[in-house]
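S.K.: If you read the sequences in order, they're chains Z and G.
Position one of the first sequence corresponds to residue 0 (numbering that gives the first Met the number 0), numbered consecutively onward.
Position one of the second sequence corresponds to residue 0 (numbering that gives the first Met the number 0), numbered consecutively onward.
Note that these hints are calculated values from the structure, not bench results.
Ideal placement from N, C-alpha and C gives every residue a C-beta, glycine not left out.
Keep in mind that the hints are not guaranteed to be accurate.
As the list claims (entries may be wrong) - Simulated restraints on C-beta separations:
1. G:98 with Z:63: 20 to 28 angstroms
2. G:240 with Z:174: 29 to 37 angstroms
3. Z:157 with G:98: 27 to 35 angstroms
4. G:202 with Z:83: 35 to 43 angstroms
5. Z:163 with G:238: 39 to 47 angstroms
6. G:104 with Z:179: 25 to 33 angstroms
Chain by chain, the residues run as shown.
2 protein chains.
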Amino acid sequence: MRCMTSSDTPGTAANAPAERTAVAARDWSSAAADPQYRAAVVDLLGALAYGELAAFERLAEDAKLAPTLADKAELAKMASAEFHHFERLSNRLAEIGEEPTEAMAPFVTAYESFHKQTAPSDWLEGLVKAYVGDSIASDFYREVAARLDTDTRELVLAVLDDTGHAEFAVEKVRAAIDADPRVGGRLALWARRLMGEALSQSQRVVADRDALSTMLVGGVADGFDLAEVGRMFSRITEAHTKRMAALKLAA
Amino acid sequence: MRCMTSSDTPGTAANAPAERTAVAARDWSSAAADPQYRAAVVDLLGALAYGELAAFERLAEDAKLAPTLADKAELAKMASAEFHHFERLSNRLAEIGEEPTEAMAPFVTAYESFHKQTAPSDWLEGLVKAYVGDSIASDFYREVAARLDTDTRELVLAVLDDTGHAEFAVEKVRAAIDADPRVGGRLALWARRLMGEALSQSQRVVADRDALSTMLVGGVADGFDLAEVGRMFSRITEAHTKRMAALKLAA
Chain Z
0 MRCMTSSDTP GTAANAPAER TAVAARDWSS AAADPQYRAA VVDLLGALAY
50 GELAAFERLA EDAKLAPTLA DKAELAKMAS AEFHHFERLS NRLAEIGEEP
100 TEAMAPFVTA YESFHKQTAP SDWLEGLVKA YVGDSIASDF YREVAARLDT
150 DTRELVLAVL DDTGHAEFAV EKVRAAIDAD PRVGGRLALW ARRLMGEALS
200 QSQRVVADRD ALSTMLVGGV ADGFDLAEVG RMFSRITEAH TKRMAALKLA
250 A
Chain G
0 MRCMTSSDTP GTAANAPAER TAVAARDWSS AAADPQYRAA VVDLLGALAY
50 GELAAFERLA EDAKLAPTLA DKAELAKMAS AEFHHFERLS NRLAEIGEEP
100 TEAMAPFVTA YESFHKQTAP SDWLEGLVKA YVGDSIASDF YREVAARLDT
150 DTRELVLAVL DDTGHAEFAV EKVRAAIDAD PRVGGRLALW ARRLMGEALS
200 QSQRVVADRD ALSTMLVGGV ADGFDLAEVG RMFSRITEAH TKRMAALKLA
250 A
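From just these sequences and the hints, can you work out the full model?
M.R.: Following this line, the structure appears as structure tokens:
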């Protein structure tokens, strides 16, 4: 399925390690000459854009559950930051001649299923969900970013900039567990359910989106083979486990 | 209840018309020397700030009902704009040494009652509600702004800047009525209910908040007497009626 030929990248040797750095060293206009790479990036930006819009909605929804006005304002602030990330991604899609809503459309069902399966029943569940979801998404996109062309990478890393949510969630959840340790058991179960549902929806997306999964599995980007994808999922799961432990939630 | 004495405003004659321009010609630090004026402005900024936060929540909520991804993104954009207005008001309260959440607290019940009594049952009712609510609030604050000190006035007018919602709502509602004229009858009833509920909650706020109502009724600001308040409410209702007629909704 490799569609990048060495003739597209003059000066790059045809062996695998050199190819692995090829896209990551090129800018968008050069890398996008390969239609499969271009399609994969459009998918990636569409998925990320809809994810930000969904995060906006989820945080705004959680703001309604906030126990104090200050917490409400804090969540509204994060929601607004997510919206600005969405805006940048959406503008970028338009810039490269893609209709943002069309690029996002293939990912709506997966996000909506995830959110329906994991509707938080209270403020703390909402915080844990936002924290777990943001962290996993951020880990995933950072892994992928390293393999993207320089322009796309810069944008992806910029919109992953922490909106301050992690610190806020950790602080509130820790305080709640300190006040009532039984809360920890309930939230640990909840976090496991979130991780399971997130993995199941990701698999669905990967199965549905050829260009995206081809890029992930040793395809048009940089020699990201199936074993590497497996290792990536391990790293993400491991990081999740560590975060939960730091939150005093056994994952 | 007039607490501003002519000795506080050297150079101002003691007659009513001159007093009427007094606060409006002063800046905050001069006007705020009068503790009742100061308390009234803190109330006003608190009410406006909570209104923006509530508008953020309402628009984010409506975004979930949006029939298309483009509509959803448009509403998220407006919600985010309302959040930035909230942020400016909240920063201003902090700047003048007030705790924003304390300043907002007295107005939470009125807004929440209003929103509970007027939960939209669909996308179009949500649009009409946001349009009617924003327009009435904007008319009211513009009337009051003319009577405020120069610094507070500038801020109030800045956060009333149209977030593009009005045009969007009008366009969508008109199209829906053109497509099915029966929709117009239903939305006209809805708009009447919104106006009634808004008036009833405003009366509650005015009854509860001494400093604010004293400013409105010929008090610490600029000779805004009871007859003038009556005329203000007439102007606001009249503007509402005109807007509804323009929307082909008989108010």
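S.K.: Each hint: holds or not?
M.R.: The hints, checked one at a time:
At roughly 22 angstroms, the beta carbons of residue 98 of chain G and residue 63 of chain Z sit within the given window of 20 to 28 angstroms. At roughly 51 angstroms, the beta carbons of residue 240 of chain G and residue 174 of chain Z sit outside the given window of 29 to 37 angstroms. Between residue 157 of chain Z and residue 98 of chain G the CB atoms are about 34 angstroms apart, so this pair conforms to the stated range of 27 to 35 angstroms. Taking 35 to 43 angstroms as the suggested C-beta distance range, the pair residue 202 of chain G and residue 83 of chain Z conforms, at roughly 38 angstroms.
A beta carbon spacing of about 40 angstroms between residue 163 of chain Z and residue 238 of chain G agrees with the range 39 to 47 angstroms that was offered as a hint. Between residue 104 of chain G and residue 179 of chain Z the CB atoms are about 26 angstroms apart, so this pair conforms to the stated range of 25 to 33 angstroms.
In summary, the structure is inconsistent with hint 2 from the numbered list given earlier, while agreeing with all the others.
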